[in-house]
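A.B. asks: Reconstruct the complex from the two isolated chains, following the hints.
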Amino acid sequence: MASRKSVWVAAAGLAGAAAVVHRSRTHASAPTSPDRWLTVTVNRDPSDVQADKLPSPLHDYGDRIETRISAAPGDRGTELAVRLTEPQPVATESMAARLAGADPRQDLRLALREAKALLETGEVMRPDAPTTHNTPGGRLVGLLSRRAGGEGVL
Amino acid sequence: MKALCWEGVNKLAVEEVPDPVLHNDQDVIVRVIAGTTCGSDLHLIGGYIPFMRSGDVIGHEFIGEVVEVGTGVRRHAVGDRVVVSSFVGCGRCWYCTHDMWSLCDNTNTNPGIGQALFGADTAGIFGYSHAMGGLRGSHAEYVRVPYADYGAFKVPEGVDDTSALFVSDSVPTGWMGADLAGVKPGDVVAVWGCGAVGQMAARAAILLGAERVISIDRIPERLEMTERHIGSEVIDYTATDVGAELRERTGGRGPDVCIEAVGMEAHSDNTLVHAYDQVKQRLRLQTDRPTAVRQAIHACRKGGTVFVLGVFAGAVDKFPLGAVINKGLTVRGAQQHGQRYIPMLLDRLAAGDLSTAHLATHSVSLDEAPRAYDMFKQKTDGCVRAVIRPNG
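These protein sequence lines are chains A and B, in that order.
Counted from 1, the first sequence has number 69 at position 69 by the working numbering; the numbering is strictly sequential.
Counted from 1, the second sequence has number 286 at position 286 by the working numbering; the numbering is strictly sequential.
These are calculated hints, taken from the structure and not from any lab test.
Some hints here could point you the wrong way.
What the hints assert, rightly or not - Here are the simulated distance ranges between beta carbons: (1) B:274 <-> A:46: 51 to 57 angstroms; (2) A:37 <-> B:228: 55 to 61 angstroms; (3) A:107 <-> B:74: 30 to 36 angstroms; (4) B:363 <-> A:126: 30 to 36 angstroms; (5) A:71 <-> B:382: 54 to 60 angstroms; (6) A:122 <-> B:160: 34 to 40 angstroms; (7) A:51 <-> B:186: 51 to 57 angstroms; (8) A:102 <-> B:13: 36 to 42 angstroms; (9) A:107 <-> B:13: 33 to 39 angstroms; (10) B:324 <-> A:126: 37 to 43 angstroms.
As the structure is a computational prediction, the values presented were derived from the model and not from experiment.
Ideal placement from N, C-alpha and C gives every residue a C-beta, glycine not left out.
Pulled out of the complex, with its shape left as it was, chain B reads as follows (with noise of 0.2 angstroms):
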């Protein structure tokens, strides 16, 4: 079959490679519908995760057709259309029966790694480098799914293939920031990010009752569009200073809850600290640019919350943890439960209450998957996200 495979720093190719087979009991093979480009990929493509090998299949955000099902399968049938978490849960150990999916103790068979960089070993991702299990990715033909009765759900009739796949990681991954991060009715909430996690993030903490929800970027289409279809307000981070507008917006006191949604490929409009993060990330002083994170942490009320959803690898430099002890923030960060959300918000899709289909802004074919990636990486031609349909 045909796959989307990296083949070095910022070089991907479509190969062929091996159908991918069952090799668990509880696996299911899925023909895969449509998968997304993604802001985390573009980490593992730009070598700022060095757990790839060359010919790594990537891709973890997917929707696709039941094929093929393992003996141990007992909530799915061939030809059931299913959404797929992006991390794979087992759905028995403790984190799992806790609804920290993200955290499964028996995905990643790679578990030595992550030991040695967190501390501890986190689930595994599709397509997301051999430190979260080398599992292949979604940018395929056909991808395996383990532990398929708990990470792959049914899509309701009526809700399309380009709605529900964003269900499968962005949505999930934005509706749990504000979740966990403790949005409430009454509060304001600050969104760092307009690309498809930062836009859902808004979204569920308007649906979760936030009085005001302001988003801010630099791409003029991305801030639009979250207007337009999120129901924010926006700053324009190169137009103002983002601190006096979060204050002068919030009464002084800055917003009750702060959501960073950029990750560790950070810009910042400071160019002298946007090159001191540069310079020290291409060094390897760091691995992680966190601008976003400590302009949240600057900017956050006094006892606030920030929730930093975006992938981060390492370790970063300047972290302002002066702010965190002394404003008695609350700091929380997580890779999405997805298994926790995904039927909710499924529900959602269906009833209206959602929309993401405005985030396909494209849609290529498997062959044109390279280009649409350093199209998604550039942010040309408007691209929020590029749809991969690789069976056509």
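Next up, chain A with everything else stripped away, as it sits in the complex (with noise of 0.2 angstroms):
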């Protein structure tokens, strides 16, 4: 009955979560338009941010990707934007293909936010090795932990 109960509560945060991410992925790129731009603030001088000294994984993309670097208003840091320079497929910002990992923004939506945090910290914080057992709850839990790294609003 518990473990009912805990699919239930998860799929209803779940979807609830996913039609958030749905909303605003439709809001934020029109499927004819280019790529929008993937931007985070780095709390970094701008002198400390360049396009060719980036850390990996941005830097392995090399032509693949735009940057775009500027000082971020007051004592922000600076603003690191990139985006894929070859349009993508309709096809890759579906729900299916994002649950599916297909998407190659997610990627590089991974490797901007390895970037920041390396500039920043030094290091990327890795996440503890996992005590789960695998429940159908668990599994629709785990699936959205390992996408979450390259999903989001960026």
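C.D. replies: Now the structure itself:
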């Protein structure tokens, strides 16, 4: 009974989260428009954030991405924006593709987040080794967690 | 090692799990001396935050001894007795450097979930679901502490383990509520909830110079404890009309500052309102029951401040936005910025300005932790906080 309830609870919560993601993506990037820039603000001086010296894995993208770097307003550091140079098929934006980890923007978003963490702290915080068991609800949470590093509203 | 794991809605079990290891250079491993039950754990245990997996280790408020140190750690050594902030902060993003540690950009390893739910990801928390990073909790013999130079604090000699334990979360949370609500000399402050966080918010308000502090709850032993140990006036909301009582005690104005320290599973003495909120929450038409927040907004004086300290996860119904606008209220909320306050709070504990030991009404082993959580949830045997000692 408890496990059935937890599945139901997880499904309700995750469906809500998925709906929000879907809604935000729908408004964020029309399929026919050029892909939006993915952007983070790095708490470093602009002189510390240089396009040819970005940390790996962002650096490894080479010519496959465009990069834009500018000073953030106030004391907020440096705005770092990237986007894929090649237009991506509309299908990669679908919920199914994103759940399957097939949207190339997911890897780029992850690389951008990691670059920010490396520039700010010198490391990317790794998750703990799991202590979990597989249950139907848990698998759903696990899938969402696996995709969460590359998803979001950057 | 042994750890207390969530196994499903309202089901906890002590299990064998692999020992934690250093994953990053700036990590330490802490042997847990003591942890405590927290009201916010009940939201996880009850399934109100649907991002738990069977086998997740819970617990986020703890003290321990450093037993292993990463190569990038500068401020800690093996043998240090440390209290650890429940929120993990990297110390170098814009939010950490501006003392908003629970908003850290770099410590939630599942940022997409928070961004979908809240529009932005927030800091990772020990043992507080995969939405908050999926870090292992502290109800275990050992726990890994990332960015330990920023989140672990040496406990001064002369401050005992049990007193220091609550500086991990409940004391800084309460202090932050009074501080960020702008409590100042001459204010009348009302605090909803006489759990550990509410009591500490009331004590902080007194130390920040409030003229009167009035705490509200329904559990007799918590009201008595708050009156005796904190020095706050109290109101039993089951025995009187809280709004009328507050107006009467404040010359008809209402409190200058109202601090809500109850959270998403609030009770109400109004049976109809309570039933309405429970039904909507169970049907997932609202995620949280905001009973105390509504009452605080209605009770607050014109132009006053309401601070939401209780944990809320998502959307609420019947939020009195009209009162906020028309009374010119300031409404704020935050998860705790522990690193901002912990050094000062440890000094205050050492100096005797603050006392926390009375919160520890029960002390149990890890094997007894499931029973302790049940007692804590049901508020039986006068339980305010059960201290869990994983290493005996």
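A.B. asks: Each hint needs a verdict: does it hold in this structure or not?
C.D. replies: Hint-by-hint comparison with the structure:
For residue 274 (chain B) and residue 46 (chain A), the Cβ-Cβ distance of about 55 angstroms falls inside the hinted range of 51 to 57 angstroms, so the restraint holds. Evaluation of the 55 to 61 angstroms hint for residue 37 (chain A) and residue 228 (chain B) yields a pass: the beta carbon distance comes to about 58 angstroms. Against the hinted window of 30 to 36 angstroms, the Cβ-Cβ separation of residue 107 (chain A) and residue 74 (chain B) comes to about 33 angstroms, which satisfies the hint. Under the hint 30 to 36 angstroms, the C-beta atoms of residue 363 (chain B) and residue 126 (chain A), about 34 angstroms apart, fit the expected range.
For residue 71 (chain A) paired with residue 382 (chain B), a C-beta distance near 57 angstroms keeps the hint of 54 to 60 angstroms intact. Between residue 122 (chain A) and residue 160 (chain B) the CB atoms are about 36 angstroms apart, so this pair conforms to the stated range of 34 to 40 angstroms. Evaluation of the 51 to 57 angstroms hint for residue 51 (chain A) and residue 186 (chain B) yields a pass: the beta carbon distance comes to about 55 angstroms. Between residue 102 (chain A) and residue 13 (chain B), the C-beta spacing of about 37 angstroms keeps the proposed range 36 to 42 angstroms intact.
About 37 angstroms separates the C-beta atoms of residue 107 (chain A) and residue 13 (chain B), a value consistent with the hinted range of 33 to 39 angstroms. Between residue 324 (chain B) and residue 126 (chain A) the beta carbon distance is about 42 angstroms. The supplied range of 37 to 43 angstroms therefore holds.
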